[in-house]
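K.L.:
If you read the sequences in order, they're chains A and B. Reminder that position 99 of the first sequence reads as 99 in the working numbering, one-by-one numbering, no gaps. Reminder that position 67 of the second sequence reads as 837 in the working numbering, one-by-one numbering, no gaps.
Just so you know, not all the hints are guaranteed correct.
Stated by the list, open to error - The list that follows gives simulated cross-link-like pairs (lysine to aspartate or glutamate, DMTMM-like), each with its CA atoms no further than 20 Å apart: (1) Lys-918/B to Asp-697/A; (2) Lys-890/B to Glu-696/A; (3) Lys-888/B to Glu-696/A; (4) Lys-918/B to Glu-696/A.
Claimed, not checked - Only part of the chain B face toward chain A is listed, based on derived beta-carbon distances under 8 Å: (5) Thr-772; (6) Phe-775; (7) Leu-813; (8) Cys-816; (9) Ser-847; (10) Cys-870; (11) Leu-900; (12) Gly-925.
Keep in mind the hints are simulated off the structure, nothing from the lab. Cβ coordinates follow ideal geometry from the N, Cα and C atoms, glycine included.
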Amino acid sequence: MKQPRVEDDALTRGAGRFLDDAPQPGELHAYFLRSPHAHAKVSSLDVESARTAPGVLAVLTAADMKAANITSIARHVPMPGLVIPLRPPLADERVLHIGQPVAAVIAETARQARDAAEMINVEYDVLPSVVDVRQAIKPGAPQLWPEAPNNINVDWPGPAADPAANAAEVEQIIANAAHVARITVVNQRLIVASMETRGATGSYDAASDRYTLRVCSQGVSPLRDVMASVMGLKKEQLRLITEDVGGAFGMKSPAYPEYPVVLLAAKKLGRPVHWMSDRSEAFISDNQGRDAVTEGALALDDKGHFLALRVRHLANVGGFLSVAGANLATVLFAKCFPQMYRIPKIDIGVRCVFTNTLPLGPYRGAGRPESNYAMERLVEEAARITGIDRAKLRRRNLIPRSAIPFRTEVGTLYDSGDFPVVYDKALAQADYAGFNKRRRESTKRGRWRGIGISCFLEHSGGSPTEGALVAFPGGNVVSLGLNVQSTGQGHASVFPQLVAQRLGIPSEQVIHRHGDTDMGIEGAASVASRSAMTAGSATFRATEAMLAKGVVVVAKALDVAQDKVSYRDGYFEVASTNHRLSLFDAASRAKEMFARGEIAETLDTNITVDTPLSFPNGCHVAELEIDPDTGVITTLNYTAVDDNGTVLHPAILYGQLHGGIAQGMGQALMEFAHYDSENGQLVTGSFQDYALPRAEDMPPIHVGVHAVPATTNPLGVKGVGEAGTTASIAAFMNAVMDAIPGDAAATLDMPATQEKVWAACQKAKAAQGK
Amino acid sequence: MTEKFTLNVNGKTQTVDADPDMPLLYALRNDLGLSNPHFGCGLAQCGACTVHVDGAAVRSCVTPLSSVGNAKVVTLSGLGTPEKPHPVQTAFIQEEVFQCGYCLNGWVMTSAALLEQKKKPTDAEIRQGLSGLKCRCGTHMGILRAVKRASEMMG
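Extracted from the complex, chain B is given alone in its bound form:
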């Protein structure tokens, strides 16, 4: 049975007609046409689908639509703007981190949430904070540099 859900995504209110158990990822990708959170595993084991729900980094592939309620959902494309990117986005570009870029959604969104919680994380805290994410291109060391840089940029 489908139900009507009103979602606040990237500052816009949108409605979706869907099964309450449907993962948020599918609503974002298939119903709202947002291609930036990616499907990686469907089991919260890689992080490619990460979005912010009220500021927290959440795996949208295992988040039922019915659990979102009025929370503010932010995806990678809503994190910054082309004119004013989020410092994490800028830092990842400056450090020339990415290769294929498929998983970067998870790294950028998780790093941004991490730095929101802790302005100056130690190297160990960054590694720990990102430990649940997967990148097969092996860009990990560049990512760690970029998070450090973003942390400095954010003062």
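Isolated chain A, as found in the complex:
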């Protein structure tokens, strides 16, 4: 049954309220002058003439930030040996990537601010730069930070209790194995490119000594905490507000240099200060995704059973460390192994490396796609070297349902799942058995057809803690306040529905509120495919807790025993009588009793709950055709059979999978953030140079759901936001490699652009000719 999205009516009429749609009275405009160099010393900075330009009220530099004790926006979860260099909001002595903010001009209009910025004189001593992660660790490479010898941000030994002993054991198994598949694969750097760019409006109220930051975020509470720490404020002194957000994909969750600057400027000038990135600015100021090189070795016995896995991962965290930069490349990456497979021994090591590029940040999947891509390329390589059919090889190594709950070598516990069934369904739905016939038919037309399988499993949840506030604002409505932020996931259509169903009232009587730290709801952001499971669980618990309080109130109000009171469809009822009190009457009575001091709290209930990880999984199959004369790929069909646990809203689930698959296809076939290796310039700095998937690129997508409820949360839900991306990258790449005969594509790296595919086709033709 269709449940139309609550959001769509307003959005479709153009009545959404995105950051730039909500100008604040009297607001000024900020423009950021940014570094044109990848690595340079700032030898002089002269802003005097800009200060007197028409409309200009202030020009801020590092000196202003330092004077206000705002020295660094760098914050990261602690890890042993992790180097976190200072990251001044406005460049101090040195710039480490193109686009790094150097000065901010505040003027009456955006255009005045931009014009005045041209009058700023900056002199740079250009330093040698390095953008490639493999180059950055070579002897003689430019050194970015004295505290990080060889540009190593962290050398992470992996999740094993005794990494050295574990590594030796895995090495021993690899040395003695009947077969060893070995790969080196590149996850190219990606631009996140949400359609709404980033922006922020800072304001300051002198009377209360309180700041407000209106910002495109993925959850106000965690960003408020970081920003308060950056600004040296108590949490209560900073309010964060987020309204509609035009896509985020992980990129809008962290703190960025522009935010403390607009806050400080607002305080200095006594007026709100607004900044909205333009598109070319977004390319050089938003965190970027992926950018890693993975070496893998998979040992197999003579029957094709997996014995051990070794992974060495080199991740490019950029010039500065952003909020989750090293975490996503290490912990989040490693936690995805061994996916759906039984692999008795696993050794993972990750080195994170500084380069003169934009900071690495979470981008849809954040470590999971990198992990899954490596695993599924390894399995394909294993099939190639053993001669075992790739479908059979996968089937043989799946963790059976009887082995669940399953403790993995990386420390995770798969609580639920039915991998063989998911797998068989996907192959059946994709008509894998009929592929050879379709391939012959394509060959007759001069096309090379390929099919790519990708099994995936990922961990959803990230940070466990999340809150929900069920409240009675007056009238016959309940409000559900959440910290998790919808950036396109339809929260208003999902979460209020949970409350309405439990309370047995129409969903129109449940109001969804989000994006305001003044509601006092704690939690992490809408990242790691966690909102449904964590905020859903919090919503569930808050509703139950509210009803429990309601029973006490009604028992008091009607002077009956508590065990005689129960709740059903909008009413608290007294057993064996016709006495009852409506939910809303009970809430009013509770307010009165609270005012008289008879009860400790009203029915308003704000709680936080911890929800353990869940493990969405599935099998995706991509089918495509290549024209070997031109290298043009035509995607033909895409099948996804997923276990995302209990489904709360089918259309949103399908939408998340489709969107994730589109982004995965983008990485596999077209996207590449290309930096010039000589001067560190971003060559792909606009939509002209950076390819996003378009309507005409997309294959028909057939989603099949095989839901096995999670046992670790009361709703049984697992994540879905990142599943499509995590799975699809390998599915598309394996299909491309399958289409090209022989070994010509065995070392093909992403993106499989027309040029690269054409070259591989020519190699294959030459090999065939021999």
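Starting from the known structure of chain A, fit chain B onto it as the hints suggest.
P.N.:
Chain B only, in chain A's frame:
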């Protein structure tokens, strides 16, 4: 140098005092307070700013104000009314297409213009007609369904 421009937007005549080279998008958003055409790229590379100018889908971020003249400008909020939405708007809601909704302005306005020109486009013509638009949420397949549905609704 600013000049006075009289614009016909969503059936209303309004005046704007602005630089002749200023893109129509800024006049609509900043001077007339219409928040529905969005800034996406400023270079006609994504379509988030699309409006109708005399029925044609136009990228308002690269349309100089001086080129608009007396043409009828229609934005998303003027395409239909809450009581009587345009069939494309209805179809997009029914097909549950959108996610963040930021770029939808471009898809809805371009689809509406497309269907005005060709009542029953083929799948290939729809894909071709929408090929210059960007959606990062990846709602493309839903959009194609919705345009088909709208085409059927429009008879």
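K.L.:
Restraint: Leu-813/B near chain A, CB-CB cut 8 Å. Satisfied or not?
P.N.:
6 Å, holds
K.L.:
Between the alpha carbons of Lys-888/B and Glu-696/A, is the straight-line distance 20 Å or under?
P.N.:
Roughly 18 Å between the alpha carbons, so the hint for Lys-888/B and Glu-696/A holds.
K.L.:
Just to be careful: measuring from the Cβ of Gly-925/B to every Cβ in chain A, is the smallest value less than 8 Å?
P.N.:
21 Å, violated
K.L.:
Against chain A, is Cys-816/B within 8 Å by beta-carbon distance?
P.N.:
Check passed: Cβ of Cys-816/B comes within 6 Å of chain A, closer than 8 Å.
K.L.:
Does Asp-697/A lie within 20 Å of Lys-918/B when you go C-alpha to C-alpha?
P.N.:
OK: Lys-918/B and Asp-697/A at ~18 Å, within 20 Å.
K.L.:
Return the status of the interface hint for Ser-847/B: holds when the least beta-carbon distance to chain A is below 8 Å, violated otherwise.
P.N.:
4 Å, holds
K.L.:
With 8 Å as the cut and Cβ atoms as the points, is Cys-870/B at the interface with chain A?
P.N.:
Constraint on Cys-870/B satisfied, holds at 3 Å.
K.L.:
Holds or violated: Lys-890/B and Glu-696/A, Cα atoms, limit 20 Å.
P.N.:
Holds, at roughly 18 Å.
K.L.:
Using 8 Å as the Cβ threshold, decide whether Thr-772/B counts as touching chain A.
P.N.:
12 Å, violated
K.L.:
Next item in the hint list is Phe-775/B. Is there a CB on chain A closer than 8 Å to its CB?
P.N.:
17 Å, violated
K.L.:
Is Lys-918/B within 20 Å of Glu-696/A, Cα to Cα?
P.N.:
Satisfied, since the Cα-Cα distance of roughly 15 Å is no more than 20 Å.
K.L.:
Checking hints one by one. Is Leu-900/B an interface residue toward chain A, by the C-beta closer than 8 Å rule?
P.N.:
Constraint on Leu-900/B satisfied, holds at 5 Å.
The structure fails hints 5, 6 and 12 (numbered hints given earlier, in ascending order).
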